[in-house]
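Participant: Listed below are the residues making up each chain.
2 protein chains.
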Amino acid sequence: MIVDVSQKILIVGLGLLGGSYAKVLRRFGFHISAITLEQSSIHYAVREGIIDEGSTEPDPRMIGEADLVIFALYPHVFVEWIEKHQHLFKSGALLTDVTGVKRSIVYRIQEMLRPDVEFIAAHPMAGREVSGVENSTDKMFIGANYIVTPTEKNTPEAIRTCIELGRLLGFSNVSTLTPEEHDEMIGFLSQLTHCIAITLMTCNDKENMEKFTGDSFRDLTRIARINDLMWSELFVANKDVLLDQMNLFIDKFTELKTMLETEDVEGMRAMMRHSTERRALFDKK
Amino acid sequence: MIVDVSQKILIVGLGLLGGSYAKVLRRFGFHISAITLEQSSIHYAVREGIIDEGSTEPDPRMIGEADLVIFALYPHVFVEWIEKHQHLFKSGALLTDVTGVKRSIVYRIQEMLRPDVEFIAAHPMAGREVSGVENSTDKMFIGANYIVTPTEKNTPEAIRTCIELGRLLGFSNVSTLTPEEHDEMIGFLSQLTHCIAITLMTCNDKENMEKFTGDSFRDLTRIARINDLMWSELFVANKDVLLDQMNLFIDKFTELKTMLETEDVEGMRAMMRHSTERRALFDKK
Numbered sequence: 338m339i340v341d342v343s344q345k346i347l348i349v350g351l352g353l354l355g356g357s358y359a360k361v362l363r364r365f366g367f368h369i370s371a372i373t374l375e376q377s378s379i380h381y382a383v384r385e386g387i388i389d390e391g392s393t394e395p396d397p398r399m400i401g402e403a404d405l406v407i408f409a410l411y412p413h414v415f416v417e418w419i420e421k422h423q424h425l426f427k428s429g430a431l432l433t434d435v436t437g438v439k440r441s442i443v444y445r446i447q448e449m450l451r452p453d454v455e456f457i458a459a460h461p462m463a464g465r466e467v468s469g470v471e472n473s474t475d476k477m478f479i480g481a482n483y484i485v486t487p488t489e490k491n492t493p494e495a496i497r498t499c500i501e502l503g504r505l506l507g508f509s510n511v512s513t514l515t516p517e518e519h520d521e522m523i524g525f526l527s528q529l530t531h532c533i534a535i536t537l538m539t540c541n542d543k544e545n546m547e548k549f550t551g552d553s554f555r556d557l558t559r560i561a562r563i564n565d566l567m568w569s570e571l572f573v574a575n576k577d578v579l580l581d582q583m584n585l586f587i588d589k590f591t592e593l594k595t596m597l598e599t600e601d602v603e604g605m606r607a608m609m610r611h612s613t614e615r616r617a618l619f620d621k622k
Numbered sequence: 338m339i340v341d342v343s344q345k346i347l348i349v350g351l352g353l354l355g356g357s358y359a360k361v362l363r364r365f366g367f368h369i370s371a372i373t374l375e376q377s378s379i380h381y382a383v384r385e386g387i388i389d390e391g392s393t394e395p396d397p398r399m400i401g402e403a404d405l406v407i408f409a410l411y412p413h414v415f416v417e418w419i420e421k422h423q424h425l426f427k428s429g430a431l432l433t434d435v436t437g438v439k440r441s442i443v444y445r446i447q448e449m450l451r452p453d454v455e456f457i458a459a460h461p462m463a464g465r466e467v468s469g470v471e472n473s474t475d476k477m478f479i480g481a482n483y484i485v486t487p488t489e490k491n492t493p494e495a496i497r498t499c500i501e502l503g504r505l506l507g508f509s510n511v512s513t514l515t516p517e518e519h520d521e522m523i524g525f526l527s528q529l530t531h532c533i534a535i536t537l538m539t540c541n542d543k544e545n546m547e548k549f550t551g552d553s554f555r556d557l558t559r560i561a562r563i564n565d566l567m568w569s570e571l572f573v574a575n576k577d578v579l580l581d582q583m584n585l586f587i588d589k590f591t592e593l594k595t596m597l598e599t600e601d602v603e604g605m606r607a608m609m610r611h612s613t614e615r616r617a618l619f620d621k622k
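Residue numbers (my numbering), protein chains in the order written: chain A, 338 to 622; chain B, 338 to 622.
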C-alpha cells in the first residue's frame, strides 16, 4: 500500500488501541470497518465518526473487502480467530496486530496462515490506564515507540508497509526487532514494570496512606490499575524471559539492601549516579 | 501567627522547595528573607521578586528579625546549623522544616534548642526531578499532601500555626503524624519507591532500550534521576524502617514470581484485581 487511501482497513477488536488506530487512519481518508464484541462500541464509533461501519459478527463481506486487517485482540483469541475465519480473507490481504508478546504468536500464526495472505507483526508501545473505544485518542502515539517484528516468512514489501503504518499512526520512533529480541525487551521494559507496580501496590495494606503520599508513589503505581485477564496471559506467554528479568531486578535490589544494611553510602551514591545518568537517555525527545 | 502578614519569614536553604515556599508566601504579603550558600540563587530570587533580601552568610540581623524560620537543608546540615547559630534567633521565634525524615531530627533538635524558641517539624510531600530555586513554582503544592509531626514538646499554638502554614502554601491535605508514624509511612511511600526506581534503572544495562520503551518504564523511573547526596543520607537516617519495607516488597515480589513459575493464573489475577482496587484510592482528588 504505502499511503494508498483507496484501500480498506478492517480493525478486529475495537478497544482503546483499535479505536485510536481507527481515529488516526480515518483522518487520512481510509475506509475503516471494525469487528468487535460489543454493539455499543460500534454504535459509539460510528456516531463519533471513528469508523465507517462495524459488526459484532465476523462479517464475510467486511473481511473479504479488507486490504489491511489490524488485530487488537488477546493473544489466544487472536490465534483462534485466525483458525476459524482465515478462509474469509481477500487474497493478497495483509494482516498486522498490536499483541504485546511475539514469539508465541507470530510463528504460530504465520505457520497456519493461507499462503496468499501475509501476517507482519507489530507492537505499538502505547497505552493508558483506561480502556474501551470511548477513551481512544488520535494523540496516543505522539512521542511513542512502535516495534515491527518481521520473520523470514515476511516479504520486504510487507515490512515496509508495516513501518509506514507506524509512521502514519504518528509514532515518533519506528524500529524492527526479531520476535525474540522483542520479547526480551518487553519482558524488561513493560512486563517487569507491571510486576513491580502491582507488587508495590499490594505489599503493604496499611490504611489511609493516600493522605500522606507524594507523586513518586502515584507514578510508580499508575499501571497498578491493570487488566488482570490480559496481563496474566501476557506474563505466562513470556514466562521464561520475564522470570529472568524478575531475577535481575531482585539481585540488584538485594545489592542495594546490603549496601543500606552496611551503611555503604559511597556504594549507594554510585548506584544513584549511574541511575541518574542512565535515566537521561529515556526522556521523550 | 495565623496569617499575620506583618511577620517576617526567613528561609534557610533556597532551593526548589525553599524557593517554592517563598514564591507562595510572598504573594500573601509576608516579608521573606533567605540564607543560602550560592550568591547566584539570591541574585535570581531577588530579581524575580521571590524574596525581599538574602545572604550567603548566617546574617545576625536577618535571623534576629525572623518570626518564622523555615529550614530546607540536608538533615545533618540542619542539625549543625541549629547548633552553631541558634543563639541568633529572636526570642519567641517559631522554627519549621521540610526534612524527609523525622525521628532522627526532631527529637535531637528539640532537645538542644533554646527554651524560648520552638521547633515544629513538617514534611511537604512534593518534589520535582529538577532542583534549584530557578525551578521553583508556586503551583507545586496543589493536590499534594503536607504532614506535620508534633511531639510532646510542642505547644498547641505552634501545631496550629504549622497546619495553617500548610494550608497557606496550598496543600490539598494537611495531616499530623508522630515522627515514628511519619518515618514508617515515608519509608514505604517515598523511600521504597526511590529504591525500586533506581534498581529498575540500573539492573539491566542493555543498550538502545530507549527506542523501544513505553510510558510505563518512564513513569516507574522518573524519580530514578536522584540527588545521590541527599537520598543516601535520608535512606541511612531511616534505615530500620526502610529495610523492613524492602523486605515486604521482596516477599510479595517473590510470591508473584512463584505464581508465574507455576502458571497460577488465578493467583496472579487475584493479585492484579487487589492492586487495581487499591490503586483507585490514590487518585488525586
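What the hints contain is simulated information worked out from the structure, not anything from laboratory work. Since we're looking at a predicted model, the values are computed, not measured. Mixed in with the good hints there might be a few duds.
Since the list gives no way to pick out one identical chain from another, each pair is judged satisfied if it fits inside one copy or across any two copies.
[As the list claims (entries may be wrong)] Below 20 Å or equal to it, Euclidean Cα-Cα: the simulated SDA-like pairs (lysine to any residue) are:
hint	residue 1	residue 2
1	K476	S392
2	K421	Y444
3	K490	N472
4	K548	P516
5	K543	F619
6	K548	L580
7	K345	N545
8	K421	P395
9	K594	N584
10	K427	R562
11	K589	D601
12	K594	H611
13	K589	C540
14	K476	E466
15	K548	R615
16	K421	M399
17	K621	G551
Participant: Are the hints correct? Go through all of them and say.
Facilitator: Okay, the hints, checked on the actual structure:
With identical chains, the CA atoms of K476 and S392 are never at most 20 Å apart, being 26 Å at best within one copy and 48 Å at best between copies. Taking the closest pair of Cα atoms, K421 and Y444 come within 20 Å of each other only inside a single copy of the chain (17 Å); across copies the shortest separation is 71 Å, beyond that limit. Taking CA atoms no more than 20 Å apart as the test, K490 paired with N472 passes in neither setting, with 35 Å inside one copy and 53 Å between copies. Within a single copy, K548 and P516 get their C-alpha atoms only as close as 44 Å, which misses the 20 Å cut-off; across copies the closest is 16 Å, which meets it.
Proximity of K543 and F619 under a CA criterion of 20 Å is satisfied inter-copy only: 13 Å between copies versus 33 Å inside one chain copy. With identical chains, the CA atoms of K548 and L580 are never at most 20 Å apart, being 34 Å at best within one copy and 23 Å at best between copies. In this assembly of identical chains, K345 and N545 lie within 20 Å of each other by CA distance neither inside one copy nor across copies; the values are 52 Å within and 35 Å between. For the homomeric pair K421 and P395, the shortest alpha-carbon distance inside one copy (10 Å) is at most 20 Å, but the shortest distance between copies (79 Å) is not.
Proximity of K594 to N584 under the C-alpha cut-off of 20 Å is found in both arrangements, the shortest distances being 15 Å within a copy and 9 Å between copies. When the C-alpha separation of K427 and R562 is checked against a cutoff of 20 Å, the pair qualifies neither within a copy, at 39 Å, nor between copies, at 51 Å. When the C-alpha separation of K589 and D601 is checked against a cutoff of 20 Å, the pair qualifies only within one copy, where the shortest distance is 15 Å, while the shortest distance between copies is 26 Å. Taking CA atoms no more than 20 Å apart as the test, K594 paired with H611 passes inside one copy only; the shortest distance there is 17 Å, against 27 Å between copies.
Proximity of K589 and C540 under a CA criterion of 20 Å is satisfied in both settings, with 19 Å inside one chain copy and 6 Å between copies. In this assembly of identical chains, K476 and E466 lie within 20 Å of each other by CA distance solely inside one copy; the values are 15 Å within and 25 Å between copies. In this assembly of identical chains, K548 and R615 lie within 20 Å of each other by CA distance solely across copies; the values are 14 Å between and 32 Å within a copy. For the identical chains of this complex, K421 and M399 are intra-copy neighbours only, at 16 Å inside a copy versus 81 Å across copies, given an alpha-carbon limit of 20 Å.
For a Cα distance limit of 20 Å, the shortest separation of K621 from G551 across copies, 10 Å, qualifies, whereas the shortest one inside one copy, 23 Å, does not.
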